[in-house]
Amino acid sequence: MISTVSRDAALIVTAAGLIVAAVALVRTRRAPLALALLLDFFTAAALLHLAGPPTWPALGAAALIIAIRQLASHALTAARGRRHG
Amino acid sequence: MSLADGFGEHNLEDVVNVLVQVVEAAGAAIIFVGAVIAFVRFLLVAFRREGMDPFAQIRLDLGRFLVLGLEFQLAADILRTAVAPSFTELAQLATVAAIRTALNFFLGLEIKEETKLVRANKAAVAPVAAAAPPTTGAAPPGTPAQPP
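These protein sequence lines map, in sequence, to chains A and B.
The first sequence begins at 1 in my numbering and counts up one residue at a time.
The second sequence begins at 1001 in my numbering and counts up one residue at a time.
Just so you know, the hints here were simulated from the structure itself, not pulled from any lab data.
Hints should not be assumed to be uniformly reliable.
Cβ-Cβ distance ranges computed for the label pairs, FRET-style [said to hold, decoys possible]:
1) B/T1095 with A/A22: 28 to 38 Å
2) B/I1078 with A/V26: 41 to 51 Å
3) B/A1094 with A/V26: 21 to 31 Å
4) A/T4 with B/N1121: 39 to 49 Å
5) B/F1106 with A/D8: 19 to 29 Å
6) A/P57 with B/F1106: 18 to 28 Å
On the chain A side, residues computed to face chain B include the following (Cβ under 8 Å) [what the hints assert, rightly or not]:
7) F41
8) T43
9) L50
10) A63
11) L64
Here a beta-carbon is modelled for each residue, glycine too, at the ideal position from N, C-alpha and C.
Using the sequences and the hints given, assemble the complete structure.
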């Protein structure tokens, strides 16, 4: 029961993340900001996917998203540091 | 008759399962509500053109919701270990707990960094705003009239 509801919620959050990233890209023209927002919402969706009894595919997807998120976060922080000297 | 005989292992399992469901649902609800609030606030800010600072604040608040939801989910994992019967289930629980703990740690770090950044931006903007002359409003009493 909880896994069905949380899967639907994860789908809604994923769609919200796509909308937010698209709006951020159009309004600010800053791809790093849009990517950061997208990854924030995807992380929330991955966590919602993990609610309920765990399965190996859900675990793999969550681990992958978190790894990508960390990689992107480090890259963005490094780029910001270079830009500010 | 011992307590274990009277209450029964299956009853304990049922109680723990109900508790796990409740705690996990609470965690999921917190994450979902946080994402919805962030979505609505983001749209409001994006269409009002309030600059970049509100986005950082919205991301910070979403991160805080995620950390809080994760804490609940970790609590549910710990409860689940009380009744996990097979080695595979225990391995899955250990992996989930490891992922959630790692994410909790990294999210905490990111929140700290973003908080520092937001504070630094506010500190940089405040002196500029204080030094800027007022652009609107009538001249104060006693001010000599400017020649045309």
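When the least beta-carbon distance from A/T43 to chain B is tested against 8 Å, hint result: 6 Å, holds
Satisfaction of the hinted span 28 to 38 Å by the C-beta atoms belonging to B/T1095 and A/A22: The hinted range 28 to 38 Å holds for B/T1095 and A/A22, with Cβ atoms some 33 Å apart.
Verdict for A/T4, B/N1121 (Cβ pair) under range 39 to 49 Å: 42 Å, holds
Per-residue hint verdict: A/F41, partner chain B, C-beta under 8 Å: At 6 Å from the nearest chain B Cβ, A/F41 passes the 8 Å test, so the hint holds.
Cβ distance range 19 to 29 Å for B/F1106 and A/D8, holds or violated: 27 Å, holds
Satisfaction of the hinted span 21 to 31 Å by the C-beta atoms belonging to B/A1094 and A/V26: Taking Cβ atoms as reference, B/A1094 and A/V26 lie about 43 Å apart, which means the hint is violated.
When the least beta-carbon distance from A/L50 to chain B is tested against 8 Å, hint result: 6 Å, holds
Interface hint compliance - A/L64 to chain B, C-beta minimum distance less than 8 Å: Violated, about 10 Å.
Restraint check, 8 Å cut-off on beta carbons, for A/A63 near chain B: Holds, about 6 Å.
Cβ separation of B/I1078 and A/V26, checked against the hinted range 41 to 51 Å: 43 Å, holds
Supplied distance hint 18 to 28 Å, evaluated on CB atoms of A/P57 and B/F1106: The hint (18 to 28 Å, Cβ to Cβ) holds, given that A/P57 and B/F1106 are roughly 22 Å apart.
In this structure, the earlier hints numbered 3 and 11 are contradicted, and the remaining ones agree with it.
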